[in-house]
Amino acid sequence: MRLALWWIFPVLPVLADAGLTTSLPKAELAPESNPPLQTILEIENTARLLAVLLHSGRYVINENQDLLDDPEKGDKGFSPEVFEQQLLEMFRIRSGVDLRELDPVRLPQEAKNLLLSLIAVSKQVVADAQPDINRKGVGYKGFIPAVFGARVASRFAASTGIGLKQTSLTPRNPSNAPDAFETAALQEFADPAYPREKVISEVTTKSRALRLMFPLYATRRCLVCHGEPKGEQDKTGYPREGLRLGQNAGAISVVIPLNR
Amino acid sequence: MTRVRSLALLLVLGSLGAAQSPGGPSERPAGTGVIVHPNGYILTAEHVVSNARRIVVVTPGEFRAPAFVVSADPDHDLALLKIETVGLSEAPLGYAGAVRLDQEVFVVGFPFGLREVTISRGRITALRAKGVKRVFQVDAAINPGSSGGPVFNRQGEVVGIVATKFRHPSGIVPEGMGLAVPISYATPLLANIPEFDFAAIGKRPRESGDDTEGLVQELARTTVRIETLRVQEPVPTGLAPADPGAGKPKAEAHRAPGSRPQPSLSQDQAPGGETDASLIVHVNEQLRAAQQEELGRLAQRGISPPEGMVVVPAGEFSMGAEDGLPDARPVHRTYLSSYWIDQYEVTNERYRQCVEAGVCPPPKDRRAFDDPHAAQHPVTNVTWSQARGYCQWRGRRLPTEAEWEKAARGIDGRRYPWGNSEERIKRVAQDRDVRTPRNGVAPVGSHPETVSPYGVFDLSGNVWEWVKDWYAEDFYAIAPPRDPQGPLGGTFRVLRGGDWTQGALELRASHRGWDEMTYWGPTLGFRCADDVP
Chain A
114 MRLALWWIFP VLPVLADAGL TTSLPKAELA PESNPPLQTI LEIENTARLL AVLLHSGRYV
174 INENQDLLDD PEKGDKGFSP EVFEQQLLEM FRIRSGVDLR ELDPVRLPQE AKNLLLSLIA
234 VSKQVVADAQ PDINRKGVGY KGFIPAVFGA RVASRFAAST GIGLKQTSLT PRNPSNAPDA
294 FETAALQEFA DPAYPREKVI SEVTTKSRAL RLMFPLYATR RCLVCHGEPK GEQDKTGYPR
354 EGLRLGQNAG AISVVIPLNR
Chain B
5 MTRVRSLALL LVLGSLGAAQ SPGGPSERPA GTGVIVHPNG YILTAEHVVS NARRIVVVTP
65 GEFRAPAFVV SADPDHDLAL LKIETVGLSE APLGYAGAVR LDQEVFVVGF PFGLREVTIS
125 RGRITALRAK GVKRVFQVDA AINPGSSGGP VFNRQGEVVG IVATKFRHPS GIVPEGMGLA
185 VPISYATPLL ANIPEFDFAA IGKRPRESGD DTEGLVQELA RTTVRIETLR VQEPVPTGLA
245 PADPGAGKPK AEAHRAPGSR PQPSLSQDQA PGGETDASLI VHVNEQLRAA QQEELGRLAQ
305 RGISPPEGMV VVPAGEFSMG AEDGLPDARP VHRTYLSSYW IDQYEVTNER YRQCVEAGVC
365 PPPKDRRAFD DPHAAQHPVT NVTWSQARGY CQWRGRRLPT EAEWEKAARG IDGRRYPWGN
425 SEERIKRVAQ DRDVRTPRNG VAPVGSHPET VSPYGVFDLS GNVWEWVKDW YAEDFYAIAP
485 PRDPQGPLGG TFRVLRGGDW TQGALELRAS HRGWDEMTYW GPTLGFRCAD DVP
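If you read the sequences in order, they're chains A and B.
First residue of the first sequence? That's 114 in the numbering used here, and the numbers climb one at a time after it.
First residue of the second sequence? That's 5 in the numbering used here, and the numbers climb one at a time after it.
Here chain B stands alone, though its shape is the one from the complex (with noise of 0.2 Å):
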């Protein structure tokens, strides 16, 4: 009899759906949810509630209240949402870690949005590890509806949170198998309820009895059904977009993330051939100015620049791009404060200064640094514990990654130091064989069309050069706004700036390189930099 009720419940719904235009203002059955708190707090998994207009929670008393995300933590595909309700209870919460293998446990939820809540026994059949992602794997039956909903153990205790998201390594999803989150990933949300008593989790005293009436009355209290209004998904209309240059970001953001991007180097004059050059060379002039205008404050306070470097002045500048690999992503405002940084990568004759005097070890293979006609070459073949010990030893230190690509690019996020154009690049191939034993590289400063805006030479080409930060590939997304030092560790170092025997892609201002420190090459340098007092 309810059943038949649900179901002409769900075919209204269902009708009413269908007669609306898109996007028609019905929320429609989304997922479940477990309370955490009396005071309205819900966990659920984030990809239920995600892109939601508008979001519904369905008490067990069938009262609609409004909800909105207090948290959302997207990698861990779980959500805490916030109803103004009174009179909910919530459900105790268990400790994770005590979770084991072939364990039995209880999956509450709304199975296909129907009103009806469903409880399905299970046990833990494996535990499972992706990415980031950490997995509970159970053989009860888990139906999209359920999605958000608790998993209990056998004390009424939440362990986990069902999530269908996370995708078996294998592709196939088995029938009667559903996946949950270990409820101990919730604990930077639960954070965000005030007063939240963390002392409590997993303390709730074993059953002593076989209550198990009791048990399912209480699993059922605490679970809610979620409703939501989506956001209308923008439909591809395979219409190119009218201004290539604005829709490029866009169509690469909406770009699955299974494909690599192939950066499209025929658009480099997209900004426009003559337009483009007369701006850059308007930014150029302004960047001279600001770094003159530098300098006379710096004398005005007695310092002058160290031998060899110029000044970077304090400001922000776009870091990143959006068209290169994913790891240069996103492009991002960057601020930094004034620093020195040299002219040109240092020289084999610079660094024999640093070998006479005892404190650096010779170049890993010492051909080209031995050549008596290779003196004003970088130096190459060093590791970047080397690179480093001889800024050291020069008082000075590696530059930060964002410092080296602002000296190479500043502030406007062109491509290269000197603009967008890529006809330089083909010069210099032209020009030189790039294939000669030197691997393209030439003395410093070799090619004055390539300095960039603060004067700075060679940073697209000649060498890879080492930086001081660690290598991770999601460090544009996280990295903090001011003076950013790289993460906290890592298995790489950042390389920048490519040789002439690399594409244009690897030159750009924005490619981000990497090697194992301890690597060492024929085209692999360094340059200093060093802070303004």
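Chain A extracted, bound-state conformation (with noise of 0.2 Å):
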């Protein structure tokens, strides 16, 4: 790396003629095949719709959890087309951008490609589940936001090269324990300073990727399992959280890499 390459060079701006006898040294060439602020800024952008898009399809799941979870019904009609009109919708609301017109606005065709795939994914991942969801007699059938969320994250990484991680301080799963970066990131988020919603991204020289952490927050929904009384046995068995209303509970962690 060329970290060590620095140098002090005072001039005395009074006296300019006297103090610049030695000049600079030849720059080398200028890395033009690094992306520049523009383009970055492109890709960041990217990260977070992707990240909202798939805290929106783990969002549907929730929304529809009650039915997922009734033993009386079998066939419980929750398609996958079903899933993705919702998601679509839900993805709308959240980023005010419209996946169903035919020339989504403002979005460079590399993000829309990277939108559409991760739809993709997701009905798979849906549509592979059936007969799970459809089972009758059984109740809670371990179908739930975050066992969505890693599975739609893994293919998606597969096909696409593009990390997508659900993670928190206090991760339940422990292949979504944060990295440095991460926890980092999480500290910042858990301070109930921290504005809402704004994401902590970085880019260096180092990891050649752009990451991002998209932050979440627990609404009355998420506290069934991760609200009060902490350490109390939810439905899927683990303790939870005691997590209160709006805190922060962990974030959605993207990695592109800048020469996919």
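Simulated from the structure, these hints should not be mistaken for lab results.
Quick reminder that beta carbons are idealized off the backbone N, C-alpha and C, glycines included.
It is possible that some hints are incorrect.
[To be verified] Pairs of lysine-lysine, DSS-like flavour, derived with a Cα cap of 30 Å:
1. A:K343 with B:K207
2. A:K186 with A:K254
3. A:K311 with B:K137
4. A:K348 with A:K189
5. A:K236 with A:K189
6. A:K311 with A:K225
7. A:K343 with A:K236
8. A:K186 with A:K236
9. B:K86 with B:K207
10. A:K236 with A:K225
11. B:K137 with A:K225
12. A:K225 with A:K249
13. B:K368 with A:K189
14. A:K236 with A:K319
15. A:K254 with A:K343
16. A:K254 with A:K189
17. A:K348 with B:K368
18. B:K86 with B:K137
19. A:K343 with B:K430
20. A:K343 with A:K311
21. A:K186 with A:K249
22. A:K249 with A:K319
23. B:K368 with A:K186
24. B:K368 with A:K254
25. A:K319 with A:K254
26. A:K186 with A:K348
27. A:K319 with A:K225
28. B:K137 with B:K207
29. A:K236 with B:K368
30. A:K249 with B:K368
31. A:K189 with A:K249
32. A:K249 with A:K236
33. A:K319 with B:K137
[Said to hold, decoys possible] Derived coverage of chain B by chain A (criterion: at least 3 residues anywhere in the stretch with Cβ under 8 Å from a Cβ of chain A; other residues may be distant):
34. 96-105
35. 519-525
[Stated by the list, open to error] Taking CB as the label site, the calculated pair distances span:
36. A:S146 with B:D535: 53 to 63 Å
37. B:A379 with A:A303: 37 to 47 Å
38. A:P184 with B:R370: 12 to 22 Å
39. A:D245 with B:R371: 26 to 36 Å
40. B:W397 with A:S320: 46 to 56 Å
Need the complex rebuilt from these two chains, each delivered in its own frame; the hints are there to steer you.
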């Protein structure tokens, strides 16, 4: 790395001529291969939209949780198509982008392709879960937002090389444990003074990837499993976290390599 | 030789500062700035000049000029200063969007307040965003005195302003690492300069030769030193303020941003039991008289109140609270035009009429709705859209967040519709077992002692009420002073009033609840409002 390539050059402004006997060494070739800030902002926006879309998918599953866990009903009617419609609507409300329009405004083609591919993967996960979902006589079937999110994330990574991860400072699933960057961002989010829904992102010459953390907040529905009383088991058998309404409840982590 | 002279000068300044009483009238080195317009406009970092009582700019010709702040943007840590000096040469501005990772940059500044300008060369090693801030990370040596100084690209264009305020997410600022705000964030500030040529940004022709000497001279010629005389920070004495009522909001204001305030609920009789109560009675009388007057005026115009609604006359009221959660701050004066609001929450019986008319979808959970004994209970388990749909069906609308708050607390900034006492909450809590299947939800108007000054029932307690506005945590800080309609968009809708399972904090008339607009629950209802024609 070129990290050591800095030096200090003192000049006297009043006696500029006298102070300028040394000339700057010839600059190395500008790293034109790197994307400019403008492009990085676009990639960051794509990362944020992917996080919003994954979050919307989790939300739709959550909305339908009572239906999915109904032991009386066989066919739940929660087909991939029904799911897709709800997902697109939720994404429109959340992001202001309507993917049902033929030409969603203001989005680079790359972003559109990735969003559509995340929708396809999400639908596939719901399609594959149909036998479980439609099983009669069983209540809780283990198809919950977190499980949905993890399945979508691993398939999406396999097809696009983009990392998606649901993480928190106290993850139930050890594979969701945060790394150093994620931990630092989660600690920022945990501060109630941190502005709501504002992401934390970075691109460095070392990582050569855009990393983004999108904060999630505990809503009333989340609290059914993650709220009070702390420590008491929820329907999945995990102890409740004792979260309070509006508290930060983790984040969605996105990693987009620059040279994909 | 020169270096020695600077050091000597620094020592003199240092001893002067030490000899003087706190707040003594001498400027201290504060940072660096860059000339962006020959008429004396200088760009720097906001934290360099914040809280400064006096600002002095030392030009490259060692001329000391008093400066004033034209415009400041603390969110992005940028400020625009003006001095009355001629013969300045300005630095051309670059296009920040073209800055690339690993690109070579030059940072110019006066580290540690030295009189010698220093040019450090480095590379852009990272790009970071946190909250509303976005910065370049530069691996050049950046010291405190360099704050506010320019970051130049190879063409000699300013692409960033050095900021040290941005905390690295890891909490550690590695050695030899600096952070700079992209110059594009300065656009709103530059718009204050008459006839600023925005079209020239990023248009400087690329230098053909390797005239680095020329470049270095030029960079030094456009960079200035900034000295400030600071307002003395108040020294915490550790003594409790004499008047707890007056001292409290102040203490809150100085609280570190990280710590969430714990509203002191024991202070609820702070304004003083009996006097407070009689004052409330007095204000209530005034408000009812104003309401009657408004009704009289409307009657003259041939307008009578819509069925089940009361009028809230036009005027200002005190919105928000300093001692609640941060999203209810600051207390601000808000003017609302005259409006109607439902005296009671919409009941199951009322909502059923809309369902039977084929307009409203039934509540998401029908148990309470279909209970024949609950006809006069507020309708619950409805989403925000269902609430809005019902009000539209009745030719009405949802109240705005401001309308809800004014109806609940009148104009005097009281804590609850009935005043400031929490006794009534305790009484209701003892009155019935709130953990019953109904979560304390009672027929509308069951608690006449909680009526608001305008005669509206169950604003605090019974059920949370959907209002029209999107939720934004910072909206009170930026709300327009007349008829605010809430943020233009958002993820959550506002819920107000709380239910009886909540604590005294959530039941306050200033408390702002929120949730997903598609959420519904056994303690979520609504009421309607309408404009007075």
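Against the structure, the hints:
1. Pair hint K343 of chain A plus K207 of chain B does not hold up; C-alpha atoms about 60 Å apart against a cutoff of 30 Å.
2. As the CA atoms of K186 of chain A and K254 of chain A are separated by approximately 13 Å, the hinted pair is consistent with the 30 Å bound.
3. About 10 Å separates the Cα atoms of K311 of chain A and K137 of chain B, which keeps this hinted pair within 30 Å; it holds.
4. With a C-alpha separation of about 20 Å, the suggested pair K348 of chain A and K189 of chain A falls inside the 30 Å cut-off, and the hint holds.
5. Between the alpha carbons of K236 of chain A and K189 of chain A the distance comes to roughly 16 Å, so the proposed pair stays at or under 30 Å and holds.
6. About 22 Å separates the Cα atoms of K311 of chain A and K225 of chain A, which keeps this hinted pair within 30 Å; it holds.
7. Simply put, K343 of chain A and K236 of chain A have alpha-carbon atoms about 34 Å apart, too far for the 30 Å limit, and the pair is violated.
8. Between K186 of chain A and K236 of chain A the alpha-carbon distance is near 22 Å, which keeps this suggested pair within the 30 Å criterion.
9. Straight-line distance between C-alpha atoms of K86 of chain B and K207 of chain B comes to about 25 Å, which keeps the hinted pair within the 30 Å bound.
10. A threshold of 30 Å between alpha carbons decides the hint, and for K236 of chain A with K225 of chain A the separation of about 17 Å falls inside it, so the pair holds.
11. For a cut-off of 30 Å, the pair hint linking K137 of chain B to K225 of chain A stands: about 26 Å separates their Cα positions.
12. For the hint linking K225 of chain A to K249 of chain A, the alpha-carbon distance of about 38 Å lies beyond 30 Å, and the restraint is violated.
13. The suggested pairing of K368 of chain B with K189 of chain A holds, with an alpha-carbon distance near 17 Å, which does not exceed 30 Å.
14. Annotation: proposed proximity of K236 of chain A to K319 of chain A is violated, straight-line Cα distance about 35 Å (limit 30 Å).
15. Restraint check for K254 of chain A and K343 of chain A: satisfied, since their Cα atoms lie roughly 23 Å apart, inside the 30 Å limit.
16. Taking the CA atoms of K254 of chain A and K189 of chain A, the gap is about 13 Å. The hint holds against a cut of 30 Å.
17. For the proposed pair K348 of chain A and K368 of chain B, the alpha carbon gap of about 22 Å is at most 30 Å, so the pair holds.
18. Between K86 of chain B and K137 of chain B the CA atoms are separated by roughly 25 Å; this keeps the pair inside 30 Å, and the hint holds.
19. About 25 Å separates the Cα atoms of K343 of chain A and K430 of chain B, which keeps this hinted pair within 30 Å; it holds.
20. Between K343 of chain A and K311 of chain A, the direct Cα distance comes to roughly 28 Å. Compliance with the 30 Å bound is thereby established for this hinted pair.
21. Note on K186 of chain A and K249 of chain A: the hinted pairing holds, with a Cα-Cα distance of about 6 Å set against a maximum of 30 Å.
22. Straight-line distance between C-alpha atoms of K249 of chain A and K319 of chain A comes to about 52 Å, which puts the hinted pair past the 30 Å bound.
23. For a cut-off of 30 Å, the pair hint linking K368 of chain B to K186 of chain A stands: about 18 Å separates their Cα positions.
24. This hinted pair checks out: K368 of chain B and K254 of chain A have alpha carbons roughly 22 Å apart, not beyond 30 Å.
25. At most 30 Å may separate the alpha-carbon atoms for a hinted pair to count; K319 of chain A and K254 of chain A exceed this at roughly 43 Å.
26. Simply put, K186 of chain A and K348 of chain A have alpha-carbon atoms about 19 Å apart, close enough for the 30 Å limit, and the pair holds.
27. Distance hint between K319 of chain A and K225 of chain A is fulfilled; the C-alpha atoms sit about 28 Å from each other, no more than 30 Å.
28. The suggested pairing of K137 of chain B with K207 of chain B holds, with an alpha-carbon distance near 26 Å, which does not exceed 30 Å.
29. Restraint check for K236 of chain A and K368 of chain B: the C-alpha separation of about 25 Å stays at or below 30 Å, so the hint holds.
30. For the hint pairing K249 of chain A with K368 of chain B, the CA-to-CA distance comes to about 23 Å; that is within 30 Å, so the pair holds.
31. With a CA separation close to 10 Å, the supplied pair K189 of chain A and K249 of chain A stays within the 30 Å bound.
32. Distance hint between K249 of chain A and K236 of chain A is fulfilled; the C-alpha atoms sit about 22 Å from each other, no more than 30 Å.
33. Pair hint K319 of chain A plus K137 of chain B holds up; C-alpha atoms about 22 Å apart against a cutoff of 30 Å.
34. Against chain A, the stretch 96-105 of chain B contributes 6 residues with a C-beta closer than 8 Å to a partner C-beta. That satisfies the three-residue criterion, and the hint holds.
35. Only residues whose beta carbon comes within less than 8 Å of a beta carbon in chain A count, and the stretch 519-525 of chain B has 6; three or more means the coverage holds.
36. The beta-carbon spacing between S146 of chain A and D535 of chain B, approximately 60 Å, falls within the hinted interval of 53 to 63 Å.
37. Hint check: A379 of chain B to A303 of chain A, Cβ distance near 45 Å, so the stated range 37 to 47 Å holds.
38. Between P184 of chain A and R370 of chain B, the C-beta spacing of about 20 Å keeps the proposed range 12 to 22 Å intact.
39. The hint said 26 to 36 Å for the Cβ distance between D245 of chain A and R371 of chain B, and at roughly 28 Å that hint holds.
40. For the pair W397 of chain B and S320 of chain A, the supplied restraint of 46 to 56 Å holds, since their beta-carbon distance comes to about 55 Å.
Hint compliance for this structure: hints 1, 7, 12, 14, 22, 25 are not met, and every other hint is.
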